[in-house]
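2 protein chains.
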Amino acid sequence: MSAARQVVQRILAGREFQANGTAKAYAPANIALVKYWGKRDEALNLPVTGSLSISLGPLGSHVELARAESAGDRVWLNGQPLPADSSFARRASAFLDLFRPAKDFGFALKARNTVPTAAGFASSASGFAALAKAADGLFGWGLAARELSILARLGSGSAARSLADGFVEWQAGTAADGLDSFAERLDAEWPELRVGAVVLCSDEKPVGSREGMKRSVETCEFYREWPGRVARDLAALKTAIAKKNFAALGEVAEGNALAMHALMAATLPPIVYALPETVAAMRTIWTAREAGLALWFTMDAGPNVKLLFEAKDESRVREIFPAVEVVAPFG
Amino acid sequence: MSAARQVVQRILAGREFQANGTAKAYAPANIALVKYWGKRDEALNLPVTGSLSISLGPLGSHVELARAESAGDRVWLNGQPLPADSSFARRASAFLDLFRPAKDFGFALKARNTVPTAAGFASSASGFAALAKAADGLFGWGLAARELSILARLGSGSAARSLADGFVEWQAGTAADGLDSFAERLDAEWPELRVGAVVLCSDEKPVGSREGMKRSVETCEFYREWPGRVARDLAALKTAIAKKNFAALGEVAEGNALAMHALMAATLPPIVYALPETVAAMRTIWTAREAGLALWFTMDAGPNVKLLFEAKDESRVREIFPAVEVVAPFG
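Protein chains in written order, with the numbering used here: chain F, 1 to 331; chain V, 1 to 331.
For reference, chain F alone in the conformation it holds in the complex:
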């Protein structure tokens, strides 16, 4: 039995696997302000460090889950039936294997993303989080949020952070089975906060996150200092959130994203996600900031840039980045 399936059995010990009708669930996408880069366990998606994200409210994934009429899963994405060998259907089925009551039990899964697929926000975090919630609903387990976070993590690491709204911190944990590695909402509100997606390229990444992280952990000397950097950034970010100090939040998020991309560049062979347009956007942001605009950015494992600003500056930000997709994480 796989390590992930063993963890699932531990969490679900004594619970029924009786499917009831159709379960619906929603989970938001999230964007990390202090990043997750590097696993201590590949099979369980256990991270080397903690991370802290902001959930994207209405941008996320809706799923409906039911028992299919026969063996084999049926998967729809955004209204379209998918071939069983499509990348999305295979990842979904592999995740559903963790909860499958019997070999001949097929799932019918309908997923719909409100994350604009071309907006540069990942939908795998919200997708696996919604799927974990839907499985909980279908079988009536009544799991706690932290248990759902653990289950979602088994599908995709950052999905652990998509079980809650607002600011969410994922604890790295130390246990080998990862039962202490889950995410929880911080007790904080920041209604004025805005996240803006600037899409510079929607091509597929040359190096996927899973492969890139592995290479950094194995070949990048700087990686040894990454846990210390993250610990410092997490502490500074939590202070910034507690004090609602936007410049401090922006500074930590931007510095942490640049440090993650630095790790990637110092990896062997080097991984550089930035495009010319990425550097141009960074420089535009710095120029605007020098001129007094409270605008910062973060970047994930790709060439796109996400803006961080406050509601009062939205029109100025839209002047600079007319194509920006703006999200109000606190509604």
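Possibly wrong hints are sitting among the right ones.
If chains are identical, the list can't say which one is meant, so a pair holds when it fits in one copy or spans any two.
To be verified - Computed cross-link-like contacts, DSBU-like style, restricted to lysine-lysine with a CA-CA straight-line distance of at most 35 angstroms:
id, residue 1, residue 2
1, Lys110, Lys312
2, Lys39, Lys214
3, Lys238, Lys39
4, Lys214, Lys238
5, Lys205, Lys312
6, Lys110, Lys244
7, Lys24, Lys205
8, Lys103, Lys243
Everything labelled a hint here was simulated from the structure, so no lab data went into it. Source: prediction; values computed, not measured.
Use these hints to put chain V onto chain F, whose structure you have.
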């Protein structure tokens, strides 16, 4: 007395300070393949790590040095007299202070760079190296190459590497006075090697190297791993040179340059020298390499890119970078 002046007195102990006529000297510019980033002593320009460069043959600095007719230095650069308060004249005079026999002893210095000033090669290394040699000639000290390397280093760290042709290794040393921190030529020839300068921007740097290094040493956690990275890269580069393995040389040089820029990006506040054009040039190089061209790059503390290739590929490189300035370091 300054720490630098004390070191000079130790090196010149017992020697005369009698100026004889006009001394002429030349030193080549150099480009590091394993970089120097970070000082262990600011006053003496002592580096934290070793570094290894290639001298640029005919691109460098010619200087003529004589006693001026009265107190106060007279400085010419490329045929033009410079005001005493110009940046170049002030740096030259501060360096000459280290050897000035008496307060009323003025130097007449004529410097001429064959490094095209807009080509993105630094001329300070060749300038201070040539000046150290000219002072040696003017006063007739007859210093050894390693002593000249130490003197040149007091003007600019990387000048330590401009006293020899070919591949030059600068030992970091451990002594507090830096008398074991000098550079020497490696016993290796590589006539086919070419270095190409691609100038993307000739504006002044937003953050100078001296300031940038200091900030990295003080604020960048990753800096703790830089000495280990440099040690590994130096060993790999020396093996590549000994075996004349060009792909290995390129891989080490490009990876080391990216790692140095990674250090800069992880510094607080972050230092990013890359421009959109820099990333575009990097991607052009990677695309050409994927298509089979043995082309690599290195970058210093600025946005410009230096190409590394072999003579047989020069025409293909010129097709891709028509404005490239090509140097044959071994003549």
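Right, here's what the structure says about each hint:
1. Lys110 - Lys312: For Lys110 and Lys312, neither the intra-copy (38 angstroms) nor the inter-copy (58 angstroms) Cα distance is at most 35 angstroms.
2. Lys39 - Lys214: both (7 angstroms within a copy, 32 angstroms between copies)
3. Lys238 - Lys39: both (23 angstroms within a copy, 34 angstroms between copies)
4. Lys214 - Lys238: Both, since 28 angstroms and 28 angstroms are each at most 35 angstroms.
5. Lys205 - Lys312: Intra 34 angstroms, inter 34 angstroms, cutoff 35 angstroms: intra and inter.
6. Lys110 - Lys244: Neither: 39 angstroms inside a copy, 59 angstroms across copies.
7. Lys24 - Lys205: within (31 angstroms within a copy, 56 angstroms between copies)
8. Lys103 - Lys243: So Lys103 and Lys243 fail the 35 angstroms test inside a copy (52 angstroms) and across (58 angstroms) alike.
Comparing the model with each earlier hint shows violations of hints 1, 6, 8; every other hint is respected.
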